Amino acid sequence: MKYDVIIGCEVHVQLLTRSKAFCSCPNNFGGAPNSRVCPRCLGLPGSLPVPNRDMISSAIKAGLALHCKIAELTKFDRKNYMYPDLPKAYQISQFDMPVCAGGYLEVTADGQSRKIGIIRVHMEEDAGKNIHAQGGLNMSYVDYNRAGTPLLEIVSEPDIRSAEEAVNYVQSLREIMRFLDVSDCNMEEGSLRCDANINLWIYEDEKRFATPIVEVKNMNSFKAMKSALEYEAERQLDEWREKHLTLQAVGKTTRGWNDDRGETVLQRMKEEAADYRYFPEPDIKPISISQNLIKQIKQSIPELPEQKRGRFVQDYGIAQEAAEALTQSKALCDYFEEAARGYQEPKRIANWILSEVKKLLNEKQMSIEQFPVPARQVTELLRIVDAGTISGKIAKDVFAEMAASRKSAAELVETKGLAQISDTGELEDVVEKIIRENPSTVADFKAGKQKALQHLMGQIMNATKGKANPQVTIRLIKAKISGN
Amino acid sequence: MIDDKTLQSVLALCKFSLSDREKEHFKQQIGDILSYVETLNQVDTRSIDPDLGKSLESMSLRQDKAAVGLPTEQVAGLSAHFQDSFFTVPRIIEEMDEITEES
Ligand SMILES: [Zn+2]
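Protein chains in written order, with the working numbering: chain A, 1 to 484; chain B, 1001 to 1103.
Any given hint could turn out to be false.
Stated by the list, open to error - No more than 30 Å apart at the CA atoms, straight line, and that leaves these computed lysine-lysine pairs for DSS-like: (1) A:298 to A:330; (2) A:79 to B:1005; (3) A:308 to A:115; (4) A:298 to B:1065; (5) A:480 to B:1027; (6) B:1065 to A:129; (7) B:1065 to A:79; (8) A:330 to B:1065; (9) B:1023 to A:79; (10) A:393 to A:451; (11) B:1005 to A:252; (12) A:358 to B:1027; (13) B:1015 to A:252; (14) A:285 to A:75.
As the list claims (entries may be wrong) - Heads up, incomplete: computed chain B residues facing chain A, CB under 8 Å, no partners named: (15) 1013; (16) 1023; (17) 1025; (18) 1060; (19) 1072; (20) 1092.
To be verified - Cβ pair distances, simulated, as ranges: (21) A:411 to B:1067: 25 to 35 Å; (22) B:1019 to A:292: 55 to 65 Å; (23) A:129 to B:1060: 23 to 33 Å; (24) B:1016 to A:96: 41 to 51 Å.
If you're looking for bench data, these hints aren't it; they were derived computationally from the structure.
In this text the structure is predicted, and so the values were computed from the model without any measurement.
Positions of the beta carbon are idealized from the N, C-alpha and C atoms, including for glycine.
Work out the full structure, taking the sequences as your base and the hints as a guide.
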């Protein structure tokens, strides 16, 4: 059976402003419950919202990076619903005049890139947090620290064609938001939340059938997202085979991903809950956005991952894959560029960062921002290798030591006496001794067995604790044996 | 006068319940208010420039500066239901109930 998977994503990102969306309370993660609240975000009568300038400019910034059209006139609306974490019983959001609309995001997978349409980007305030009492207590606790903090909602077109592509889409979105410094997009901490609409287009009897759309919620990690959407596509396929239900007949339902059970579970929305009775927020005037302001914000947008990748491949001659791995974070890009500055083979710097630096970051569970070895030290270390002072193998140990001790490469090579023995006089004695002690290996070598050379090299490396300069050693072995 | 169905859906949205006598009373009142507001529709606004927006630069937006909010004692004083720095509410029955699928 031929079919397509059709996915659209709704992503919420928390903005990194200092204060909340419509009041001056601090916008931070964590903290003592209800320690960052005021009459406005608690919805006390008579308090009025005043929009945060940076929330609006962040939204425009994000919209521009997503190739959206920025609205000349935008307004806020009230979305009405009753829930304890929403103190005003409405959420200030945007309904029919969102700040940005009609853009796209380029998603790269396996070296191929595809444009995923962005329907809209709008601003809204977050709700507080409910904590349900344990041990049979008949109450819930509410913390309003998060209430009124600014969010962007980014809605994609149903252009995504697989679970994997959905993950790539959200990861690219995260990358861009981080580069823009608009949001830290941490899925585990909830500063990036994603819901997805998914259904199948099934081609049968020369006709196309759409299965009922399912909104999948509660995907709290990229791994969960991939599993949930893969599961859901399979489930819909089975359901189609069994019942032939179409979108026209069933409409849309909501299912929550249950990570422990590895399945999506049907959820029922109270019918009236969907009636949000949007109306224009009377306490905030519509906002017109000038071309001048858009121009200013445009100029503040840094080079984005997509452009960086192109430039890295072009200017540094590194592979596309390496460029993709480096552009995972802005800090990693900066680290690479600083290390590569003035160095002849940027490719080697890239490889070093992607293997040795990444390895240590994983081991120490730290981010590149916390990494103790300055980028220029990577350059220095590779220069020491280039000069033949130490081998590439020893350089790896030195690097780990640099990260642990915060000493420079030169200092460690010096104090630990790691410099290779390139002095022929010193090496000659060792080579002669090894040749003397291994007559049969020497005979093998003379008979043309390459392995014999490696064996002799190994013995010499052992005797010098790995410090013998390989090139010089090989030259000496060959000269000694043929001279015999 | 609004009809029963409309009143019923408004009550559900507000999480209100009314006695039958009150229902009749409010059907009349809400109807009167709506028709009063409807009179606004008689004004011809076609020639009026909406001039809704003010430019972002000139509008009174807030600089993104954080300030300390209410002290906890004051927050606590706002509600009779406050415990261990939390507001307390009757146990929340999830809006989204997990239901078992009919097989
Ligand atoms: Zn506040």
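Quiz prompt | In rising order, the numbers of the hints this structure does not comply with | solution = 5, 12, 16, 17, 21 and 24
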